[in-house]
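Going line by line, the protein sequences match chains D and H.
Going by the working numbering, the letters in the first sequence line up with residues -7 to 185, in that order.
Going by the working numbering, the letters in the second sequence line up with residues -7 to 185, in that order.
Hints are computed from structural coordinates only; laboratory data are not their basis.
Take every hint as true, because none was put in to throw you off.
One copy or two, it doesn't matter: identical chains are merged, so the pair holds either way.
In silico DSSO-like pairs for lysine-lysine, Cα to Cα no more than 30 Å straight-line: (1) K140 with K122; (2) K10 with K142; (3) K122 with K142.
Protein chains: 2
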Amino acid sequence: MKRKKKERQLLLQETITKNPFMTDEALAEQFSVSIQTIRLDRLELAIPELRERIKGVAQQQLDDVKALSPDEVIGEIVDLQLDDRAISILDISVEHVFARSGIARGHHLFAQANSLAVAIINDELALTAKANIRFTRQVQAGERVIAKAKVLNNVQGRTTVEVESYVDNELVFSGEFVMFRTKAKDSAKENDR
Amino acid sequence: MKRKKKERQLLLQETITKNPFMTDEALAEQFSVSIQTIRLDRLELAIPELRERIKGVAQQQLDDVKALSPDEVIGEIVDLQLDDRAISILDISVEHVFARSGIARGHHLFAQANSLAVAIINDELALTAKANIRFTRQVQAGERVIAKAKVLNNVQGRTTVEVESYVDNELVFSGEFVMFRTKAKDSAKENDR
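Excised from the complex, chain D in its bound form:
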């Protein structure tokens, strides 16, 4: 449904406030306008582009990755609170998809989620012990996958990390990763949680 510009911009502002992770493409579709129109709307409303919006959601400072080299993370980390939560972005390109179907290969979504589960650990060494994962929706080239990780618990040197990955607010992958770490987490801090 087409709307007058004023009305559209009002709704656009609301929509983005509710869901800062929506791409311009998804917004264009929702409002039945061109991507260019969405971009102009954003400029007029001074709404930053997606990547900046995601960074904005990460209110606190970005911790430094400890368990692996930053360049070993698959995707770009935009939020990281060690032993708490993390967000990364992976843009799916043709190299990530099956040639035949154009559908993203499972191991790339897994790699993004798994490396985020490693990165969230506040330890020099973190290794995956096991994982229980689901692929809930096909992902195509050109789509942007936002993975959100959070630490569920820390028990005797094992940390359980939940990762949920979304494309335009739709769940495409979810997984629970049980991670080994060399140092058990500080138990006082543990009791705070």
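Chain D is already provided as a structure; the job is to place chain H on it using the hints.
Okay, now just chain H, sitting in the frame of chain D:
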């Protein structure tokens, strides 16, 4: 323990017959001799090298991969009976390991296993729905991972594939993959199993 050459060659023959997947490195260690000695022993005994031995284990013909392009398989497929079983080899090199620890990254072992689970499906399209995986032993650069997949069951267009990956007969990874396929498997054949 050092043994006389005759005795060692006899034991070597027995060991390789029992476990054709052992590398020269592992044999050298077991017999407390150099890798070169093992190679000379193999030459004298006319025992082919590992890759050839594995191919020898795959007695029947190798089926053609259907669900993906052969070059999309991670690792080298050396045995494939569609909808039944498959084996692949992946040599772990420096590009597969964490720079800091030298330990193979989980997503590479996952990718080998997952692509084998896709390759085993006798269908033009196969996608992973979910997986339950375990990393049971660290893998280092220079090690050779042999993944063995078998189909456990086919129910209503979903195929469960079990994959176990070994280095020198030691389990390093195991996983159960539930795969979607477009065509349900022939039910008469299903009942045969």
